[in-house]
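Participant: Chain residues, written in single-letter form:
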Amino acid sequence: MLDTAPAVRKPPGRRTAGRPRPRRRPRFGPYLLIAPTVVVIAVLMFWPMIQIGIMSFQKVGTRQLRGEPAESVGLENFKDILGDPFFWTTFKHTVLFAVVAVSLTMVIGTLVGLLLNKLGKRMSNLVAGGVMVAWATPPITAAIIFTWLFGTTGGLVNWTLDLLPDFLVGGDWLGYNWFAKPLPTYTVLTICVVWQACPFVAVSVLAGLKSVPSELYEAARVDGSGPWRTFWSITYPMLKPIFLVVLVMSIIWDFKVFTQLFIMAGMANRDAFNLSLYAYSEAFGSMNPKLGDGSAIALVLTLILLIVTALYVRVMVRQGETR
Amino acid sequence: MTAPLNLPAVRKRGAAGASARTGGSGRKKLFSKITWNAIGVVVFVLAVFPVFWMASTAFKPNDEIFSSTPKPLPADPTLEHFDVIVNGSVAEVSFWKYFGNSALLALGTVLVSGLLALLAATAVARFRFRFRTTFLVMLLIVQMVPLEALVIPLFLDLKQLNMLNSMWGLLVVYIGFAVPFAIWMLRGFVAAVPRELEEAAAIDGAGPVRTFFRVMLPLVAPGLVATSIFSFITAWNEFIFAFTFLDDQDKYTLPIMLQFFFGRSGNSWGPIMAASTLLTIPVIIFFLIVQRRMVTGLTAGAVKG
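Sequence order for the protein chains is C and Y. According to UniProt numbering, the stretch in the first sequence is residues 1 to 323, in order. According to UniProt numbering, the stretch in the second sequence is residues 1 to 305, in order.
Note that these hints are calculated values from the structure, not bench results. Every value quoted in this text rests on a predicted model; they were computed, and no experiment measured them. Hints are supplied without guarantee of correctness; some may be wrong.
[Said to hold, decoys possible] List of simulated lysine-lysine pairs, PhoX-like, C-alpha gap at most 20 Å:
1. Lys33(Y) - Lys121(C)
2. Lys118(C) - Lys28(Y)
3. Lys118(C) - Lys33(Y)
4. Lys29(Y) - Lys121(C)
Input sequences plus hints: build the corresponding full structure.
Facilitator: The following block contains the structure:
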């Protein structure tokens, strides 16, 4: 009977016992309250994520959709996907788009935030309200509006470009089709997404700026610091936590952009696919659905985003958000 | 186009310029004030313009829409495109059917996710319990999950449960998407209700249920409104899941109808813009009501001074 020791040892993890906090029904209360949410999230988020993992190692096609059990194919889906140069094209699109769109969003959003802080109260509210309109527009309508603005017949952008002097922008814009090739398509997509995402950055930056003590700026002015220097030695360090959160969220949003690209490029225009659209099209885009391949692509995307999410969670935990 | 837009900036001079801090180089200050306001107006116009152009196009007759010299405002405004959308039959089903489907889904999402969020937010804001931090971190993580990736497994799950092509299946999915952020938004409101009020009610002999309805609910109401609007917008805007899961035309939601219309007849921009306007305007109005809460919800305490 040597095994008595564990039973004698005090149960670990009772740190909270010494810290009496009077609560009603402290035992089960909170667990009952969060239980429905935990169930919902487990069923609708975590289980599907696990399923993506499982399915990416299976062949899931028309037969499996009819109810036949899925057979394991090992790494075959990944071999198919990663060995296909087309996957890397969509990967390149995803990453390049995210880099460009996130950078533009951060820079323009920050500038607008600084502007909002500089303007008088009424003007600032007006402009803030205006940029909110851009943010509030549903992604699907935003995509449709920009397709219309950049359209071939009656499109305002082509009309304007055509009016501009030829030595500036070249000529023959009226019939130009922005959605025939990936680069122009992504240009429109970038404008559309940046237009919608800047307000969030701007308003967050504005909220941060309001919390910076004005003495700091006065001191900087007395010291003769210019706007550039002031930004990097006062504003940026003070707003760093905000910038981090906003940056991470922009990266995540732009990596998985779907609806806008779906509207602008559609499923037929494979040349312009990004990872989300590629995964979707493999799974649902043809008469021969390849849900296993689609899952493998989705898994790649999910893993990338989980890494970025880890960064986000770390920032939020450090800021005491989860306390 | 920029000339008339300078007007508000100039008008501003009297109101804001005069009240500006006194000090030397007043002229230079006034000049820079006008410059900044002008930039502000440009930003405002750039932000609003696409939505304005959508609404404006919706009221233009066809010959103006495809005119070789587009005008900002309709010279001869017409409601014909709205008439086509609302009264004409888009693919044999009436606009109001789609509108109703979207509204039902959005309201269902609001009700259920609001209830779940209120429960969970109370737990998080009022109790310290063992997995509290784990739960909060979980909420952060699921807000970032690429929903676009989940469409594949959820499609199979719903198929297995025979809930594909059903509004109920979609409703359940939307609830799952709305709840995490709703809790995140709501917990601040619950935490802001003074605990003493609840204790006082308890001393006065009110049971937990009575305390909840008489003390808690009225005080969290603004937060619930904000959260509800957020959940409403989430469900109202959603596209991919509705597009993938729904087969029957009479079950489509507004975004699907829009896409359908857009894909089928890419040239009838008038009706498309009219439909887009009808889809968008309520969202913008709702959004402007709760925007401040959205920002704090998203960046949370990153703004703490």
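Participant: The structure should be examined with respect to each hint, and the outcome stated for every one.
Facilitator: For each hint, the structure was consulted:
A threshold of 20 Å between alpha carbons decides the hint, and for Lys33(Y) with Lys121(C) the separation of about 13 Å falls inside it, so the pair holds. A hinted pair counts as satisfied when its Cα atoms are at most 20 Å apart, and Lys118(C) with Lys28(Y) qualifies at roughly 16 Å. Distance restraint check for Lys118(C) and Lys33(Y): the Cα-Cα separation of roughly 9 Å lies within the 20 Å cut-off, and the hinted pair is therefore satisfied. For the given pair, Lys29(Y) sits about 17 Å from Lys121(C) by alpha-carbon distance, which is consistent with the 20 Å threshold.
The structure shown violates none of the earlier numbered hints.
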